[in-house]
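Following the hints, complete the assembly by docking chain B onto the known chain U.
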Amino acid sequence: MAIEGADIVKAAAFLGAGLSMGLGAIGPGVGEGMVAAKACEAIGKNPREAGLLTRTMLVGQAVSESTGIYSLVIALLLLFVV
Amino acid sequence: MDIDTQILVKSAAFVGAGLAMGLGAVGAAIGEGYTAAEANGAVSRNPELSGDIFKNMLVGQAVAESASIFALVVAILMLFLGVPLNNLLNGAALLGAGLCMGFGAVGSGIGSGFPGGQACVGIARQPAVTPRLTTNMLIGSAVCQTPAIFSMVVALMLIFMGFDKAPLGPTWAALVGAGFSTGLAAIGSGYGGGLAAGASCEGISRQPESVGNVTTVMLVGQAVAQTPSIFGLLVSFILLFKRFPESYELQSAMALLGAGLCMGFGGIGPGVGNGMAAEGAVKWVARNVKRSGELMRIMLVGQAVSQSTAIYAMVVALVLIFVV
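For the record, the sequence lines run as chains U and B.
Letter by letter, the first sequence follows residues 181 to 262 of my numbering.
Letter by letter, the second sequence follows residues 365 to 688 of my numbering.
Isolated chain U, as found in the complex (with noise of 0.2 angstroms):
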């Protein structure tokens, strides 16, 4: 039941992987759902540029995940490199 140091950085890289995935992915989640909320209202009262705005939506959504990306490399890196 010996604690090593090794041991305890090994504990803190993955429980820091988990809590940056999981806090990470709140924020995007939040932002990318508003967009689409204002895309849907967009669309509702002019259809017509339906395909713009769709588009509009996405690269807003894209630029949105950004955040969750870099939790999800921090994680990737914490679990597999450091």
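Keep in mind the hints are simulated off the structure, nothing from the lab.
A few of these clues could be false.
Below, a list of computed lysine to aspartate or glutamate pairs in the DMTMM-like style, where the Cα atoms sit at most 25 angstroms apart [what the hints assert, rightly or not]:
1. K218/U <-> E613/B
2. K654/B <-> E229/U
3. K190/U <-> E613/B
4. K225/U <-> E573/B
5. K190/U <-> E658/B
6. K606/B <-> D187/U
Since the model is a prediction, treat every value here as computed from it, not as a measurement.
Here is chain B on its own, set in the frame of chain U:
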């Protein structure tokens, strides 16, 4: 050692019961407060309908209350059920059950309040559609309760499954992680489902003839908003049923606890976001019913993107469980 184990398991049951009921009371109270606030606004707008509005408010609040009643039942079970005190794993399971039920009731409680409140406003605006509004409110808020029901299922499994043969390390972390996974992920799905249900009650009262399309889009949107809590349930089941080889290293325990936290927190945002997308779609289907096909399509595309971070969280959780 024997006395110590008994004291620890007993303490875990008490702390777990406190967490279950304490956290579990938060959501329902907020949701019911929202319903009552909107009902007051509706009565002041149209006082001669106060009877109908009052009745609808009470029905809506009763549904929102159910999330905290689940928490009450779980808390009472934990206090008075004679769980064997001779195994520390039972203590971890009870703590996990309390966290799961407590967090799990938050989102469903708040979310169920939205359709209740909007149905009250709708009755004041359009008294002729009162029965449809009440029906739609009940369907919408019942779907909002499913994440709380998932949490109750996991909490009851944690309380009643025996863990006699499993090794203490790292199973204790798997049990606490299982509680976090379903409990936290349920927050987003419950809240998000409520946003869609509230918008549908509002929409029906504005455009009563759109009721069929509005209810359909609401149910599709809510179903997608439920998926993060289903991911949470899946990770919980893996953590509950997989046999982990005995290991008293800290890292094997933290990998499992981290997996539960990852999926739990990771489910919150996509659940809320999917609900927001569904809210926007439902609102505009009611106002522009001819475009409901296009709106449903754009809602699903937006939700799919919003869902992606929940999928990342599930992937990281599965890597933590199966790979490292």
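Among all the numbered hints in the text so far, which are the ones the structure does not match? 1 and 5
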